[in-house]
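*Asks:* Sequence:
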Amino acid sequence: MPEYRVLPQGNPILFFGRTLYDARQQAMFFNWSASGFRLAFEGARLEAEMVAFAETFPGEGPNLPYIAVFADGAPQPAQTLRVEEGVSRVTLFAGDQPGAHTLRVVKRSENSKGRLGLRALWTDGRLTAPPAPEARLKLEFVGDSITCGFGNDMAAEETVFDVAKENVFTAYPAVTAGLLNADYQCVCISGIPLCWASDPEYRLRLPAFDGFTPPVRAMEHHYACADRNHEEAMGLTEGFTPWDFARFRPDAVILNLGTNDAFRLRVSGCSPEEEAHFIRRYEAFLRQVRRLNGPAPVIACTLGSMDYYL
Numbered sequence: 160m161p162e163y164r165v166l167p168q169g170n171p172i173l174f175f176g177r178t179l180y181d182a183r184q185q186a187m188f189f190n191w192s193a194s195g196f197r198l199a200f201e202g203a204r205l206e207a208e209m210v211a212f213a214e215t216f217p218g219e220g221p222n223l224p225y226i227a228v229f230a231d232g233a234p235q236p237a238q239t240l241r242v243e244e245g246v247s248r249v250t251l252f253a254g255d256q257p258g259a260h261t262l263r264v265v266k267r268s269e270n271s272k273g274r275l276g277l278r279a280l281w282t283d284g285r286l287t288a289p290p291a292p293e294a295r296l297k298l299e300f301v302g303d304s305i306t307c308g309f310g311n312d313m314a315a316e317e318t319v320f321d322v323a324k325e326n327v328f329t330a331y332p333a334v335t336a337g338l339l340n341a342d343y344q345c346v347c348i349s350g351i352p353l354c355w356a357s358d359p360e361y362r363l364r365l366p367a368f369d370g371f372t373p374p375v376r377a378m379e380h381h382y383a384c385a386d387r388n389h390e391e392a393m394g395l396t397e398g399f400t401p402w403d404f405a406r407f408r409p410d411a412v413i414l415n416l417g418t419n420d421a422f423r424l425r426v427s428g429c430s431p432e433e434e435a436h437f438i439r440r441y442e443a444f445l446r447q448v449r450r451l452n453g454p455a456p457v458i459a460c461t462l463g464s465m466d467y468y469l
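FYI, the numbering for the sequence shown is 160 to 469, going by our numbering.
Among the hints, a few may not be true.
Capping the alpha-carbon separation at 20 Å, the derived lysine to aspartate or glutamate pairs in EDC-like fashion look like this [unchecked claim]:
| # | residue 1 | residue 2 |
| --- | --- | --- |
| 1 | K324 | D410 |
| 2 | K324 | E206 |
| 3 | K297 | D403 |
| 4 | K297 | E219 |
| 5 | K324 | E244 |
| 6 | K324 | D312 |
| 7 | K297 | D342 |
Source of the hints: derived by calculation from the structure; they are not laboratory data. Since the model is a prediction, treat every value here as computed from it, not as a measurement.
Please construct the entire structure, taking both the sequences and the accompanying hints into account.
*Replies:* Right, dumping it as structure tokens:
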């Protein structure tokens, strides 16, 4: 079957969401929730070479990435797949007869629960130019586990997270975009706060796990980057790839941050100084979002705190 290698630019497929080309892996990574790619082809079969990295967290791991494959404009996925760790060949479409088809491949799980890159495509026919995107309302959602759809498909009595039951399609960004007939992208990681405490001694202390150090993440440090989470996981400590904000110009940016800041404040004593620090960092983050996106988009602030008033 003809092979189509994924390149940093000029691909015969359209990527959406925040993506990052990793030259060492020779792959375009689409790690963020609801990111992915769409394409058109003529044939009966389409396969992809993907590279996946598992993420581990005590009591959970290893977490591997999940994707949903939508065929020929259908509103529900034709299949939902877990992509195994390492390099693997994944069948995205297999039909009985050759024909003209469109596919949309979407990351259902989040950035910190398994990372995934596309390296190549094969088809028994040929790739064709995908339809041009419709001119629609564009929304960007910035948040934490609430935005990711963390545990959305878990039963109430289940207490251990299973990445197979994380579902961005039932989270509020997808629901909102569906109601408004909008395109959307997500910048979200479970557990991420807006900022870290000003006093290191005041930061939330997680239980001690042998051989595990909780990642230090804050949205104010990740938002300007294409995918700092991936680059840090691959060993980079500085010089993170900036996101090209011209690639997606939202009509509105919806911020749903604060739950993890509130949790940190509550369990650490509700220091007035730290609450004032959060206010200052929130205001600074709003200025960052405005500067990076320009004057056009509406910035909607929803604190998102689940158990503490900020």
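*Asks:* Determine for every hint whether it applies to the structure shown.
*Replies:* Verification of the supplied hints:
no.	hint	result
1	K324 / D410	violated, 31 Å
2	K324 / E206	violated, 25 Å
3	K297 / D403	holds, 16 Å
4	K297 / E219	violated, 34 Å
5	K324 / E244	holds, 18 Å
6	K324 / D312	holds, 5 Å
7	K297 / D342	holds, 5 Å
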